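Below, each chain spelled out in residue letters.
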Amino acid sequence: DAKTTQPPSMDCAEGRAANLPCNHSTISGNEYVYWYRQIHSQGPQYIIHGLKNNETNEMASLIITEDRKSSTLILPHATLRDTAVYYCIVGGGSNYKLTFGKGTLLTVNP
Amino acid sequence: EAGVTQSPTHLIKTRGQQVTLRCSPISGHTSVYWYQQALGLGLQFLLWYDEGEERNRGNFPPRFSGRQFPNYSSELNVNALELEDSALYLCASSLQRLAGAGNIQYFGAGTRLSVL
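These protein sequence lines map, in sequence, to chains P and B.
According to our numbering, the stretch in the first sequence is residues 1 to 110, in order.
According to our numbering, the stretch in the second sequence is residues 1 to 116, in order.
Simulated from the structure, these hints should not be mistaken for laboratory data.
Values in this document were obtained by computation on a predicted structure and should not be read as measured data.
Incorrect hints may have been included.
To be verified - Ranges of calculated distance between the beta carbons of each label pair, as one might list FRET restraints:
| id | chain 1 | residue 1 | chain 2 | residue 2 | range |
| --- | --- | --- | --- | --- | --- |
| 1 | P | Gly101 | B | Arg112 | 18 to 28 Å |
| 2 | P | Asn57 | B | Ala109 | 20 to 30 Å |
| 3 | B | Leu11 | P | Thr79 | 39 to 49 Å |
| 4 | B | Gly3 | P | His40 | 17 to 27 Å |
| 5 | B | Arg15 | P | Gly29 | 41 to 51 Å |
| 6 | P | Asn109 | B | Asn79 | 38 to 48 Å |
| 7 | P | Asn109 | B | Ala80 | 25 to 35 Å |
| 8 | B | Asn59 | P | Ala13 | 37 to 47 Å |
| 9 | B | Ser114 | P | Ser28 | 39 to 49 Å |
Built from N, CA and C at the ideal position, the CB exists for glycine as well.
Put together the whole structure using the sequences plus the hints.
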């Protein structure tokens, strides 16, 4: 699986957009970008995934660069409950495992 | 729709004992995955079951084993417990699809195992 690089931590003010970057320069053509988050001691929560196109759902937006070497997860209006570790994962379409790195600790401040 | 459920939520064992953790996947999901998250460490892949068969396992000793039942629920067994087995054990399920459609895994809340 391609490796990802994320900043260890980020801060965001409540109500503002949180933009979490991820580099995945070795991604191959059939690999997806997945985003999960883990709130302290809970199971990871799926947020969004994409292959080539930008994606949006009720939780977030995913922007993937044209060369697919990086992506950004956008939480449009961060709340205190969005404080969590966010993981960017790259894997194949039927990848049997998710390889979690250290992720980004996003702290949303009041 | 019920999510992935795991039991028990917490467990305390002593070294050398054996433990069984249980997981019920989301209805309709055929694949179950087990992960270990030790304190301060990332999630490590343990096992993958699909359609009742073990499809792959991570870099863990044979005393970590499991099975998947005809209703797709799964058990993780750990024999001869060691102190370093203390961790959060997470189960995830997914609906296996044709390659190219993505494979979203949905996680349960986990079982917290403490080995004393």
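Query raised in the report: Can you name, in rising order, the numbers of the hints this structure does not satisfy?
Result: Of the numbered hints, 3 and 7 do not hold.
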